[in-house]
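Once you've looked at the hints, go ahead and assemble the two chains, each given alone in its own frame, into the complex.
Top line first, the protein sequences correspond to chains A and R. The end of the first sequence is residue 769 by my numbering, with every number in the run present. The end of the second sequence is residue 1027 by my numbering, with every number in the run present.
Think of the hints as simulated: they come from the structure by calculation, not from any bench. Among the hints, erroneous ones may be present.
[Claimed, not checked] Quick look at which bits of chain R chain A covers, simulated, 3 or more residues with Cβ under 8 Å: (1) 855-867; (2) 876-887; (3) 901-908.
Since this is a predicted model, take the numbers as computed values, not measurements. Yeah, the Cβ is synthetic: ideal placement off N, Cα and C, and Gly gets one too.
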Amino acid sequence: MFESIFSSLFKYERLVFEQGQFVLGATRSMWLVAGAAAVAALYVIWSYSQVASLGARDKGVLLATRTALLLVAMFAILRPMLLLKVAVPQQNFVGILLDDSRSMGVADEQGRPRSAFVQEQLGRADAPLLAALTKRFVPRVFRFSSTAERLQSSADLTFQGTATRLGDAIDRARDELGGLPVAGLVVVTDGADNAEATLDETIAGLKAQGLPVFSVGVGKDNLSHDVQVTRVQTPRRVLKGAALVVDVVVAQTGYAGMKVPLVVEDEGRMVSTQEITLPRDGETQTVKVRFKTTDVGPRNFHFRIPVQPNEEVTQNNQRESLIDVFSRKEKILFVEGEPRYEPKFVRMATLKDENLQLVLLQRTAEATSNDADKYYRLGVDGPDELRVGFPTTRAELFGYRGIILGSMEAAAFTPEQQHMLEDFVDVRGGGLLAIGGARAFSEGGWAGTPLSNALPVALDAGRRNPIYPPFELTVRPTRAGQSHPATQIADTEEAALSKWKELPPLSSVNTLPVSALKPGASLLLSGNDPRGGEQVVLAHQRYGSGKTLILGVQDTWLWRMHAKMAVNDLTHYTFWQRLGRWLVDGVPDRVMVTASPERVQRGEPVTLIATVNDEEYRGINDARVLARVTAPSGKVEDVPMEWTVEEDGEFRARFTPAEDGLYSVAVEGRTKAGVDVGRGAVSVKAAPSDAEYFDAAMRAPLLRRIADETGGRFLRAADTQSLVDAIAYSGRGVTVVEEKELWDMPVVLLMLLGLMATEWLYRRSRGLA
Amino acid sequence: MMTRTFWRAAGITILALAAGATALAQRGGFRQPMSYSDNVPYDGRFVFVRMSYPTLGLGGRNSFYPPWSHDYPDGERHFMQILTAVTNLSGHVDGSSIMSFDDPEVFKNPVIYLCEPGYWSISDAQVVALRSYLQKGGFLIVDDFPSVAWSNFEEQMRRVFPQGSWLDMNELPAHPIFHAFYEVDANNIPTYYDLGGKPDFRAMFEDNDPTKRMYVIANYKNDLSEYWEFSETGLKPVDESNEAYKFGVNEFIYGITH
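Excised from the complex, chain R in its bound form (with noise of 0.2 Å):
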């Protein structure tokens, strides 16, 4: 009984949802549906890869611009392009990767890029998957987060370190996140839109203990892989965009470095 009452609902939902959508679509308020590159095959050299996560009919590698796929492609081809440049790392600038908790080809890539964490969800298997990425030297970048997607994030996140806890990094300006390529400020970081207050970073170490090993850094109430879809389009000033990737590139430094 409670089965078809649940897919009833649910089918109302998702007619409701697609209507929704076909009209904001025909205002050119909502995007085209999404397309996909093959991944990057594993070589050795960097590839930029963006973590993929069920939504309610939202996700899926063919459906309407999923919240895991913001910003995609162009938040990482341009991305790659200035950390490759600015840097000597040598990484793919040709494409990039999605995948999901559960590929095992993740752990090939020690550091991860997610965004939009107000919708992730994790199986149980992918939470094993995830402790087990982070434990083995793992990294993970979290972005385009508004106030709001903290408690469901905070909640995935729990089951996969219950005993782990966040840390402000306003309040620890010495950690070499903020001075891993570029000397960075971490209350003079812009944001693109207001999501939710002041911006600030927030990060869990291993044992909690903020001289060990990061393994996550979570751009809370920001989204700087917007400035990076967008820097060319001058919607933003130069210095603002500047900054994002200036944060960025050192956070993918990090990652690649401790």
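In isolation and in its complexed conformation, chain A is listed as follows (with noise of 0.2 Å):
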């Protein structure tokens, strides 16, 4: 409507003013009318202001309109026009490149697939913006998905495509008009590209070789309803009967409010089901699931949300993460000070536990002049381990892949045990958890200590009494602490909350104030004392390639013997064999091996990343590292990994996946002389992808920015009437230039008999002859 409007008024579409250059194409004999024109309008003037008769308000009207209606005069006569680039027709290439993905089968468009209006329009030779096009270029039309390939014929436009390339697509369609004169590129598509390479590389160049593009939007910019299960944040690998607290992220339209249930599958076979509320329109939240990984293996979990009445997209309802399901003993060293009870009913729970093993070293007796300390151990995998007490070599330490530090004072380790220590956490990645006592923390002499740095709490070396009588706490979760995997004493949140609130309380002889935690850590329960105080009880913290924690409490036994609890209320072993287990959870072995990405279509390359280290942790840089990928059907296919010079003991390969299914890949290291080093393992998965399905409405911003920036045009599917003259007045390719004379624009015109009607007008009424 406004288009029409303007163009009845000003004779040209509004484009051809956007693109063309104005300039006055007036001779000397105009220039010279104008000029007597100009005269006559200061004679006006004069004039006007000479006759006394009138007043200064007719006075001043007059002379308005007659000044305006001489300058719109002298306007038309000095022959204003624009000047236009114009593509010779059938001397310029158009590149059309129409995106065939599956997300073109989205029936947003009134109940019409997107790819309607590519098949309509664009489908055949005789289509009616395909014809347009043909009359004044030459089209080269293209089809892309995750390649890009010249179209041969519109059969093969199957809109199947599983994932949007869009930067690789243009430069495809680029490259292949390298050297013709190309007057710009179309690019018909609903703009969901989920290409990991942003498209700014793309964009320059295109700006580089002045190249336009004219974006056709299809489809809606929001959908009206649709239900998301955006992302699922799962870890890579953990050990079997892990409870895990996943974060999955929902988006939703056209159903705020309504309660649905968000189910977890494992390989079909239900695991978890809890009832969700949906945020409110184009919001997304984040709900908390959690489930238990029972068998052993690659895994593929489903998290999915039952299809809605009336939705638009039912495809995006799930997602799947790959969960690699390992078992095996996890073994973490208790080191304890003194014969107390703690360690007893730590070690009970963790019996309970088949993937842990605790070992412990419990000083039975203090050292003396004759006599070295005195140690109990327990759970040892032989005589010799341990046999003179804590390890003396980070190759023995190393070993293990956690480290629970009892009541065990600072000075009963040597200077260098104690830097092992804190490389055990900052260098090999370990999992170190310090616990309350008198001989801990403060009171144990390990502030300002090298294991004080990668602790959560900054320790006060001022402090060195324990508390008595201790503190008494009421333990309680913190928020951060009620979805934290290593605080789940229940299967769910509302369960746990009551459990926490039934424990009985604990004790504490160190002092440990919540504003001590150190910036980076994170409290996940707090106590409580009588008197008011708030206490850290369970606090950690990411250090170097490993984490610490705190337990600042010195008998979570009782909350197995407290008379209290009923004998068959296993809280206490849950809470250690889920705080255990997520004390090793991602340490890292001597092999590890990582595969970017993990899940691929068939035909994509994965690159394998390896890091192979010796007992101290240290990477091995002339390593002989294979890597053998087992394929779906059992080939096996061995894959040397080279290093790659950025780190020390990193290994890189690339396979590329030939089937769909699942790949094992099993990484092996061995030293130069052909001593084993270990072994690592991933699998990959390759399937078509649904990422077309996820946030599928038309991504309008994305491909109003490549127009923009381009010098093109972003037009929606329904205003693309204007398409081929933006193309051709873009100046691109081989061009002519062009008049276009205003001076005979009806707005012109109209200006003129306006402004002489106003003028007759002012006089009648004022009775002016």
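Here it is, written out as structure tokens:
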């Protein structure tokens, strides 16, 4: 409507004014005429000023209308015009890129799929838009999804592409049209680009070449009814039986406030379901989902919300995540400085967990002038393990994956052993938990030691005496603790909160105020004493490659033994099993391997990165590393891995899945001398991607950005009638300069007549002849 | 009718016992009425806990020398001094506690001590409490144990664990209780008195499985605390007292660590 009114008044479309250069085409004689008109205008002004019978208002109105009339006439006399570079018909090429991906099948245009526009307007030689383009240009039509190629026939458009690589497609078309006179590229798409790379490089290339992109957006900017499981964050590897708390990000439109189930399935078997309330339209919500991993091996977990009535996109209601569930004994060293009950009960709890091995080194007597410290060992693998007490070499200490440091003073360790404790976390990437007691923390002289750097609380060197009688602490989870895997003492958040309220209070002889938490620390459990003070009970932080935790109480065993705890209440066991598992979660082996990406489509390359370390976790650069890739069909391929040079002990290799299914990658590392270092494993799933269905609304901002930055135009599918002219006037390719006269615009005549009529009517109304 | 007869018989028995006790006391053959210090409040450190029980009028904190109190207080005080001296246990040497089996505070002390089990009797509520205590992680040391006391002790324990059985620990010399702190030979632990023959040690385990946690150790036909009580008197050779202390230390360290 606006466009048609505009062109009726101004003779040309708005596009012409935007692209054209305004000039005055008057000849010398015309300038003389204009000068005469100017003199006449001055005379008019002077003559009106001499008429004494007119009032000031009448003089003003008549002067203004007459002067304006003369100026409009002068404008027309000076022959205004627009100069445009117009593409020479049939001398220029136009690249037409058609989105052939799955998302074009989304039926959000009054029940019609987006692909219908492509097929109707561009799918055949006589299709209206393609015909109009062909009339002015030489079209080169491409189809694109994960790859781009010339379209040989409309039958090649299947709209089944499993990814949209917009940048790659534009680059491909630009390359193919290189050296030809190209007026522009037309990209017909919903803009659902899901390439990992940004479009910055592509746009920079287009700008450098001066090639405009005319993007045609297909589909609605916002879906009216859709539920989407946007993202799921799961660990890559977990221990069998792990109780996971996973963040699931949910978005929706059209179902705000509705309660729906969120179901978790392990290879089709439901392992968890919980009811969630959908967020407001356009907002995202992060839901904490709890479930257990029970079966060993690479497991495909699905996180699903059932399809709701009238949903426009149903394929984005679920996400899947590959988790490698493994089973082995994770070895934790518990170093205790005195005979007391806490280690006994921690050991009882972990003995019930088949995947934890707690090795207890409990000092039962301190050194005298004649004897060294006396230790009692439990859970060791053989008579030589810890035979002389705490490990004296890094290789021995780094053989454990977690350390629990009990009530043992710092002075019991040599300076080297204290550095080893810090490096256990920082370099080896282990988990270290320091627990409360008379010889722990500041009271044990740990302030200022290397380990104190790693702990999540700042220790006070001035506090050396344990507090007696101890603080009685009522323990409660913080907000972070309610959803943290280390503090899940029940299977649901509600049950856990209820259980926390039932547990008897504990005690602490250490001063650990919440204010002592370091900036990077996270408080999971806090304790309130009857005097109103608040103490740190459980806190953690990342440190170097590993993590540290503190548990600032001396008697969690009361959660098992206390008179009010029933015999069959195993909360204490659950607490320690989950805390122990989290302590060693993510702790690296000597050989580790990752795959990027872990989910690909057949034919897409996968990069393998392996780290190979010696016993002290220093990278072995001259290791011999081999990746054995086993395809779903059982076909085995050995891929040698090369040192990256960028990082010590880091090796890289690539392979390309040729089959759909699960690929198993086993990496074996050996020293140059052939000594076995260890093995790592990772799984890669090759399958068609469902990324097309996520964030499936038409992305107008992205398409507008491409057009604006390259000098093209963004058009919606309904507005493509101006597409041909937009390309023609873009000034690219083989062009001629075309003059567009403006003196005869209807608006000029209307202004002249309007001004004359205004003067006439004013004179009549004022009685001025 | 039966009730009146019972009370009459009981009254006569009590009077006779009181008279006999008075006579014994006048001859210096009996001890003074016991006085007991207050229990040690829980603070996380180790406390020696002696278990009390009612015994036909001889029980109660204000009665004459009840069987459960034998060797109190010197037995535990001497033992605690030795235990804290030879180990680095943080324990109370300045006091100990006396508790009944239905005292909730017992559960804050996972190692407890019981003596003279021949006189021991417990109520049904105490049976439940002791079963719960042992299953949750508690450990019971039974001492001052003449052979004649076995039948009563076994009967009481059968109420706690009807399926429980007793293993002869002398047959299990490799068990950790003989090696928890000292290397102890079960067959060389002396006896203060002849309490009915060669002493041995009997134990009840979780699920009757000696590879699992020990619930109860019975110093059968032995009286370790007698050594502890009189170790400063020189009535017995030092070596014998040492052996009694050593196995006592092992029993407590085992109970604390297992």
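Structure-based check of each hint:
Here's how the stretch 855-867 of chain R fares: 5 of its residues keep a CB closer than 8 Å to some CB of chain A, so the rule of at least three is met and the hint holds. Coverage of the stretch 876-887 of chain R by chain A holds. Counting CB-CB distances below 8 Å, 3 residues qualify, and the rule asks for three or more. Here the stretch 901-908 of chain R counts 6 residues with a CB under 8 Å from a CB of chain A, which clears the bar of 3, and the coverage holds.
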